[in-house]
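A.B. asks: Residue-level listing of the chains:
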Amino acid sequence: MNSSISTENKSVAGEGIKEDEGYEWVIDEEEGVPKRKKIEDRTKVRVLNVQANDGTFVMPGQKLAVANEYFEAGEGAYEFANVIYAAIVGKVCIEKFPEQELTVVSVKRKGKAPFISPTIGSIVTCTVVNRTYGLARCLITHVEDVELDDTMRGIIRREYITDKNRDAAEIQSSFGVGDIILARVVGIGEGDFIMSTSEDALGVASATSPAGYQMIPIDWTTMECPVSKARVSRKVAKIVQPQILKSEPS
Amino acid sequence: METTSSNGTASKLKGFSRADLLNPKLPLINTETGKRQDGRDINEVRPVFVQTGIKEESRGSSYVEYGRTKVICVVQGPRDLSKKIDFSPTGLISVDIQTVGGKVPERFTTLMKDALEAIVILDKFPKAILEVHLTILEDSGSALAACITAAGLALADGGIPVFDIMIGSTLLFDGKQYYFDPTRKELDALDLTEQEINDVGGGIITLGCMPSRDQTCLLTFEGSKHQ
Amino acid sequence: MFCTQGAGSHSLPVSWPETYGKMSRQTTVDNLWTQNIRPDGRSPTEMRQIKCSMGVFDKDKGGGGSAYFQIGNTKAVATVYGPHEGRASQKKVGAANQDKMTVNFEYSSACFSTNDRKTSTKADRKSMEMSCRLKSIMDNVFVHHLSEGSQVDIYIELIQDDGGAYAACINAVTLACIDAGVPLQDFVVACSATMAHGIPMIDISAAEKSTGMPELTLGILSKSKEIVVMEQNNLLKLIYFSDVLNLALDGCQRMLQVLEETCYHKFSLLQRVIEANLRRERT
Amino acid sequence: MAEINLSDEEKYFIIVGVAQDIRADGRARLDYRSKEIEANVITNAHGSIRIKLAETDVIIATKVELGSPDEDKPELGKLEFLVDCSPLASPEFEGRGGDQLSETICGILTSSYSTSGAIDMKSLCIVPEKFCYVINVDILVLQCGGNLLDVIAMGCKACLGICEIPVVTGLRFDLGEPTPVFTTDEYEFTYLDVREAPVVVTLPRVGRYFVIDATIEEESCSKGKLAIGVTSKGDITSIDKIGRCCYQLRSLAASIKLAAKVGQGLNKVLLEKIESIKSQKKQLINPDFPEGYIRRKTYKELVAGVDVKIVRVADVATVFAEEFPTATYSKPYLTEKLNQANFFSSDWTSGED
Numbered sequence: 001m002n003s004s005i006s007t008e009n010k011s012v013a014g015e016g017i018k019e020d021e022g023y024e025w026v027i028d029e030e031e032g033v034p035k036r037k038k039i040e041d042r043t044k045v046r047v048l049n050v051q052a053n054d055g056t057f058v059m060p061g062q063k064l065a066v067a068n069e070y071f072e073a074g075e076g077a078y079e080f081a082n083v084i085y086a087a088i089v090g091k092v093c094i095e096k097f098p099e100q101e102l103t104v105v106s107v108k109r110k111g112k113a114p115f116i117s118p119t120i121g122s123i124v125t126c127t128v129v130n131r132t133y134g135l136a137r138c139l140i141t142h143v144e145d146v147e148l149d150d151t152m153r154g155i156i157r158r159e160y161i162t163d164k165n166r167d168a169a170e171i172q173s174s175f176g177v178g179d180i181i182l183a184r185v186v187g188i189g190e191g192d193f194i195m196s197t198s199e200d201a202l203g204v205a206s207a208t209s210p211a212g213y214q215m216i217p218i219d220w221t222t223m224e225c226p227v228s229k230a231r232v233s234r235k236v237a238k239i240v241q242p243q244i245l246k247s248e249p250s
Numbered sequence: 001m002e003t004t005s006s007n008g009t010a011s012k013l014k015g016f017s018r019a020d021l022l023n024p025k026l027p028l029i030n031t032e033t034g035k036r037q038d039g040r041d042i043n044e045v046r047p048v049f050v051q052t053g054i055k056e057e058s059r060g061s062s063y064v065e066y067g068r069t070k071v072i073c074v075v076q077g078p079r080d081l082s083k084k085i086d087f088s089p090t091g092l093i094s095v096d097i098q099t100v101g102g103k104v105p106e107r108f109t110t111l112m113k114d115a116l117e118a119i120v121i122l123d124k125f126p127k128a129i130l131e132v133h134l135t136i137l138e139d140s141g142s143a144l145a146a147c148i149t150a151a152g153l154a155l156a157d158g159g160i161p162v163f164d165i166m167i168g169s170t171l172l173f174d175g176k177q178y179y180f181d182p183t184r185k186e187l188d189a190l191d192l193t194e195q196e197i198n199d200v201g202g203g204i205i206t207l208g209c210m211p212s213r214d215q216t217c218l219l220t221f222e223g224s225k226h227q
Numbered sequence: 001m002f003c004t005q006g007a008g009s010h011s012l013p014v015s016w017p018e019t020y021g022k023m024s025r026q027t028t029v030d031n032l033w034t035q036n037i038r039p040d041g042r043s044p045t046e047m048r049q050i051k052c053s054m055g056v057f058d059k060d061k062g063g064g065g066s067a068y069f070q071i072g073n074t075k076a077v078a079t080v081y082g083p084h085e086g087r088a089s090q091k092k093v094g095a096a097n098q099d100k101m102t103v104n105f106e107y108s109s110a111c112f113s114t115n116d117r118k119t120s121t122k123a124d125r126k127s128m129e130m131s132c133r134l135k136s137i138m139d140n141v142f143v144h145h146l147s148e149g150s151q152v153d154i155y156i157e158l159i160q161d162d163g164g165a166y167a168a169c170i171n172a173v174t175l176a177c178i179d180a181g182v183p184l185q186d187f188v189v190a191c192s193a194t195m196a197h198g199i200p201m202i203d204i205s206a207a208e209k210s211t212g213m214p215e216l217t218l219g220i221l222s223k224s225k226e227i228v229v230m231e232q233n234n235l236l237k238l239i240y241f242s243d244v245l246n247l248a249l250d251g252c253q254r255m256l257q258v259l260e261e262t263c264y265h266k267f268s269l270l271q272r273v274i275e276a277n278l279r280r281e282r283t
Numbered sequence: 001m002a003e004i005n006l007s008d009e010e011k012y013f014i015i016v017g018v019a020q021d022i023r024a025d026g027r028a029r030l031d032y033r034s035k036e037i038e039a040n041v042i043t044n045a046h047g048s049i050r051i052k053l054a055e056t057d058v059i060i061a062t063k064v065e066l067g068s069p070d071e072d073k074p075e076l077g078k079l080e081f082l083v084d085c086s087p088l089a090s091p092e093f094e095g096r097g098g099d100q101l102s103e104t105i106c107g108i109l110t111s112s113y114s115t116s117g118a119i120d121m122k123s124l125c126i127v128p129e130k131f132c133y134v135i136n137v138d139i140l141v142l143q144c145g146g147n148l149l150d151v152i153a154m155g156c157k158a159c160l161g162i163c164e165i166p167v168v169t170g171l172r173f174d175l176g177e178p179t180p181v182f183t184t185d186e187y188e189f190t191y192l193d194v195r196e197a198p199v200v201v202t203l204p205r206v207g208r209y210f211v212i213d214a215t216i217e218e219e220s221c222s223k224g225k226l227a228i229g230v231t232s233k234g235d236i237t238s239i240d241k242i243g244r245c246c247y248q249l250r251s252l253a254a255s256i257k258l259a260a261k262v263g264q265g266l267n268k269v270l271l272e273k274i275e276s277i278k279s280q281k282k283q284l285i286n287p288d289f290p291e292g293y294i295r296r297k298t299y300k301e302l303v304a305g306v307d308v309k310i311v312r313v314a315d316v317a318t319v320f321a322e323e324f325p326t327a328t329y330s331k332p333y334l335t336e337k338l339n340q341a342n343f344f345s346s347d348w349t350s351g352e353d
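Protein chains in written order, with UniProt numbering: chain B, 1 to 250; chain L, 1 to 227; chain P, 1 to 283; chain V, 1 to 353.
Wrong hints could be hidden among the right ones.
[What the hints assert, rightly or not] Okay, derived cross-link-like pairs now, EDC-like style, lysine to aspartate or glutamate, Cα gap no bigger than 20 Å in a straight line:
#1 B:Lys110 to B:Glu95
#2 V:Lys223 to L:Asp214
#3 L:Lys103 to V:Glu80
[What the hints assert, rightly or not] Derived contacts from chain L toward chain B, CB cut-off under 7 Å, selection only:
#4 Ile121
#5 Ala128
#6 Ala156
#7 Ser212
#8 Arg213
[As the list claims (entries may be wrong)] Pair by pair, the computed Cβ-Cβ distance ranges are:
#9 P:Leu269 to V:Asn5: 28 to 34 Å
#10 V:Ser34 to L:Pro89: 36 to 42 Å
#11 P:Glu129 to V:Asp193: 39 to 45 Å
#12 V:Ile4 to P:Leu238: 52 to 58 Å
#13 V:Thr43 to P:Phe241: 28 to 34 Å
#14 B:Glu79 to V:Asn5: 24 to 30 Å
#15 V:Arg27 to L:Ser88: 30 to 36 Å
#16 V:Arg96 to B:Glu79: 39 to 45 Å
#17 B:Phe97 to V:Ile4: 42 to 48 Å
#18 B:Glu170 to P:Phe267: 56 to 62 Å
Derived by calculation from the structure, the hints in this document are not laboratory data.
Predicted model, so just to flag it, every value in this text is computed and none were measured.
Note that the Cβ used here is the ideal one computed from N, Cα and C, for glycine as well.
Make the full structure from the sequences, and use the hints.
C.D. replies: Structure follows, in structure tokens:
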């Protein structure tokens with residue numbers, strides 16, 4: 001909220017004060033009182049003055065770079081009073097995005113991946129625990145490709161299953177208990193995360209048939225048990241099924 | 001005072017209780033060598049040993065030794081909030097400290113909880129709770145300081161986003177000098193309830209600081225300090 | 001203590017020093033027989049000084065109500081958090097009788113309330129039992145259909161217990177409910193009475209109770225004169241029961257007088273404020 | 001402390017206000033609000049105080065008991081604090097809710113009173129190793145406005161100041177064990193010397209500035225606070241950081257000086273109040289109330305005054321007997337005394353005429 005007072009009423013504020021350029025009146029965000037601030041020369045801003053260049057080992061709390069509209073703190077780093085600091089132990093990695101004129105400074109860590117909590121929009125793999133008419137309750141085990149230490153609770157409502165005929169879809173005919181499904185987190189609800197499987201690439205990834213065998217999808221709404229040929233209707237995720245990859249060469 | 005009572009209460013009332021006889025209070029500075037009782041200089045710190053990643057399946061763990069004070073810290077990954085605790089936009093932290101036989105003053109836990117909440121970037125894991133378990137194996141002075149360092153290292157080892165690594169230290173002063181990293185014997189020797197200590201202004205400070213941002217995240221002081 | 005002199009403090013005749021608790025030992029039994037005077041100098045049908053006031057804490061945040069009731073040295077403070085949407089945990093319990101208003105009661109007495117200090121905090125048996133008793137009394141007084149499904153939190157704290165604590169709590173709760181605007185069918189007024197040496201006495205103090213006198217606590221609905229609660233401990237001869245009961249009823253009438261005057265006083269204050277505003281607008 | 005949640009705009013309004021030294025209720029940053037202190041609220045306690053500061057309302061009562069000192073501190077009396085958050089303050093204190101808050105307050109109070117300078121503990125000991133006064137300070141929080149810790153600390157100091165400690169007139173030796181004998185005269189008591197007792201000043205940090213005596217709104221938009229115990233001479237007895245903020249080292253030193261200055265002012269006002277309460281009590285009782293503080297007899301003086309003889313005490317409690325240090329209590333003497341007061345007559349016990 002660093003709005004700077006335009007120059008014409010500067011004379012109002014600084015009658016008696018000697019007008020030395022290089023300073024401008026800016027309303028200080030914390031104080032709410034107009035304060036004289038040095039004008040940062042915009043030219044050098046584009047260049048990234050970095051204390052720690054790429055790939056160096058960094059401890060939390062170490063200064064990485066000066067933050068402004070061209071530089072941002074990525075994952076594993078945080079920004080405080082226009083300075084980017086490291087938040088975890090690891091190696092610095094700087095990615096440049098020329099089209100948005102943005103470079104992201106982040107700290108990566110090999111070995112155990114840092115904890116990522118499911119945020120809105122992240123794709124999540126979970127297993128269905130129980131189903132009622134209105135919703136399916138499931139436990140989130142992986143966020144994108146990072147495995148969670150402890151499962152988080154999520155629910156998929158009936159309306160969020162498919163986009164096409166939204167109210168025709170039913171929980172019974174799309175998910176079974178024990179299926180592993182891919183879903184996208186739509187909201188952080190009160191107790192559980194609210195998820196949806198409306199896109200084609202989301203839905204049941206693998207399901208076990210009543211006979212206990214891994215079921216193979218026949219088309220995008222039914223799956224079949226290879227042994228007992230029992231057919232069960234599921235909302236299948238349009239992803240390359242692992243079994244098909246296996247059975248390809250034969 | 002010649003009470004004729006027979007059962008040996010007379011010896012007690014001469015001012016020496018059983019505790020005094022067992023570990024006599026030695027003066028802080030050894031007069032001959034001019035150093036402390038255990039041979040350290042005034043501003044010398046006991047040898048410190050630090051080890052991280054000692055527990056496999058936990059998210060982060062550390063073991064810290066300040067001289068003979070030994071503390072183990074284990075951090076369990078951000079877990080899902082159970083139904084009882086109501087919704088919180090940012091993460092939560094639960095701290096529990098145990099000692100091997102003996103009682104932990106409950107002020108330690110509240111202080112540690114405040115310090116950790118100031119250190120960890122909580123809004124990186126909303127609706128989750130981070131469990132920090134601290135076990136004090138042996139407390140021979142500045143146990144709280146050892147706990148602070150252990151917790152800071154365990155968080156860093158577990159890759160929990162923190163503002164800065166937390167380091168703890170204790171300082172004891174009896175009006176005349178400042179003693180770094182006091183041992184349990186020295187803490188007992190400085191008996192705060194004696195009158196002359198208080199006129200001069202003795203006390204114990206425990207400080208948890210964030211080195212690169214030179215801020216303090218934990219501060220307790222007991223005793224009396226003159227301006 | 002809580003109420004300024006003007007606001008609703010209605011004192012009945014007081015004839016003994018403030019710290020009467022330290023009962024002087026010289027007034028022995030014969031004094032009671034001959035001059036009809038109780039150990040602390042009151043006549044048998046004379047109540048202790050009553051001070052009560054409403055709106056003690058400025059509970060403007062959340063539409064609550066509070067009241068302070070003091071009789072002699074027994075002091076009780078009650079606050080009511082007005083009918084609000086029930087919390088999730090209590091709601092499931094109340095789902096069965098959806099038409100009723102769920103009442104969440106908590107009684108706690110301060111550690112220093114009785115002469116010997118008790119260290120256990122609130123959740124001991126006695127306070128649980130007292131909460132249930134007070135809850136059952138107030139349940140049949142609330143007008144349930146006006147605010148179904150909503151929840152009322154009533155908290156009562158006994159600051160000093162000097163005999164007649166149960167009666168003081170009931171009066172304090174009634175005043176607090178009225179202050180909070182909880183719909184009530186009728187005033188619930190309570191008073192305690194006893195019988196000693198053949199003389200029925202009203203409103204006994206802790207010193208008298210400690211000498212083994214029976215204590216009858218009577219709570220009635222003021223208009224319809226129905227008895228809401230009647231509890232009595234220690235031994236009381238049956239033939240004297242009717243005398244004590246009549247005395248208690250009479251005590252309740254006098255107590256009702258005091259409570260009603262407090263309410264008028266409080267709402268007349270509101271009345272005066274409203275009139276002042278009206279006059280200012282007119283001029 | 002009980003929190004109320006404000007919208008961001010309200011918080012910003014308060015923070016900017018504090019930065020310009022104007023607070024929501026018009027006070028400057030270092031102004032303290034006026035408080036009402038009412039004494040003798042609980043008649044059956046040795047000393048009781050009710051403090052009301054705008055929205056914070058606390059009742060504190062001290063009761064003095066006879067107890068035995070700890071093993072490792074044989075010559076010192078004992079001082080115990082108990083904080084009880086009543087649900088009157090806010091619904092969240094119902095049942096187990098208030099324990100977390102009362103523990104922190106208890107911890108801070110004991111740590112700031114633990115230095116020997118605060119209260120003269122040695123005078124609280126009657127017989128070393130055996131008997132000492134145990135002063136129980138019970139704190140009941142009726143309403144939880146802002147600045148709760150300051151109000152409680154002030155209340156404790158005031159309450160300890162006016163606490164009437166019964167005087168030990170003599171020692172009775174039965175079977176060689178010295179047992180103290182207390183005075184029966186209600187108006188013979190002594191006061192504790194509270195001039196050195198600390199007062200806690202909490203400095204919540206709102207934005208970049210410290211604020212004294214914060215209201216509940218200011219506390220909810222401050223991340224943490226410093227609780228500093230200050231004595232009347234300006235010494236610091238204890239510092240505690242509560243809450244989740246971290247302080248620059250430079251700002252710590254400045255805040256401690258600030259707290260010392262404010263603490264001295266607070267102490268002065270409080271001591272005047274204590275003296276005024278005591279003088280009121282003086283008019284109530286006989287005018288020749290002993291000036292200043294009676295120095296309690298130390299153990300040696302008590303023992304010297306009594307010529308020691310093994311004395312057998314009757315097993316029936318002496319209800320009406322006068323106190324003779326060397327009296328011999330025989331059974332017939334007591335029964336005759338009780339008959340005099342028709343203790344055994346029927347009408348006392350069964351309650352019929």
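A.B. asks: Hint by hint, note whether the structure agrees.
C.D. replies: The hints, checked one at a time:
Pair hint Lys110 of chain B plus Glu95 of chain B holds up; C-alpha atoms about 17 Å apart against a cutoff of 20 Å. Taking the CA atoms of Lys223 of chain V and Asp214 of chain L, the gap is about 18 Å. The hint holds against a cut of 20 Å. Note on Lys103 of chain L and Glu80 of chain V: the hinted pairing holds, with a Cα-Cα distance of about 18 Å set against a maximum of 20 Å. Of the supplied interface hints, the one on Ile121 of chain L holds, with its beta-carbon coming within about 6 Å of a beta-carbon of chain B, less than 7 Å.
The interface hint given for Ala128 of chain L holds, since its Cβ lies 6 Å from the closest Cβ of chain B, which is under the 7 Å cut-off. Taking 7 Å as the C-beta cut-off, the interface hint given for Ala156 of chain L holds, the closest approach to chain B being about 5 Å. Because the beta carbon of Ser212 of chain L sits about 4 Å from the nearest beta carbon in chain B, less than 7 Å, this interface hint is met. With a cut of 7 Å, the hint placing Arg213 of chain L at the interface with chain B holds, because the nearest CB-to-CB distance is about 6 Å.
Between Leu269 of chain P and Asn5 of chain V, the C-beta spacing of about 32 Å keeps the proposed range 28 to 34 Å intact. A hinted range of 36 to 42 Å for the beta carbons of Ser34 of chain V and Pro89 of chain L is consistent with their spacing of about 38 Å. Remark: the range hint 39 to 45 Å for Glu129 of chain P to Asp193 of chain V is upheld by a beta-carbon distance near 44 Å. Separation of Ile4 of chain V from Leu238 of chain P is about 56 Å and conforms to the stated range, judged on CB atoms against 52 to 58 Å.
The supplied range of 28 to 34 Å is met by Thr43 of chain V and Phe241 of chain P, whose beta-carbon atoms lie about 32 Å from each other. Taking the beta carbon of each, Glu79 of chain B and Asn5 of chain V are about 26 Å apart, inside 24 to 30 Å as hinted. About 33 Å separates the C-beta atoms of Arg27 of chain V and Ser88 of chain L, a value consistent with the hinted range of 30 to 36 Å. Remark: the range hint 39 to 45 Å for Arg96 of chain V to Glu79 of chain B is upheld by a beta-carbon distance near 40 Å.
A hinted range of 42 to 48 Å for the beta carbons of Phe97 of chain B and Ile4 of chain V is consistent with their spacing of about 43 Å. Between Glu170 of chain B and Phe267 of chain P the beta carbons are some 59 Å apart, a value that agrees with the proposed interval 56 to 62 Å.
Checked against the numbered hints above, the structure violates none of them.
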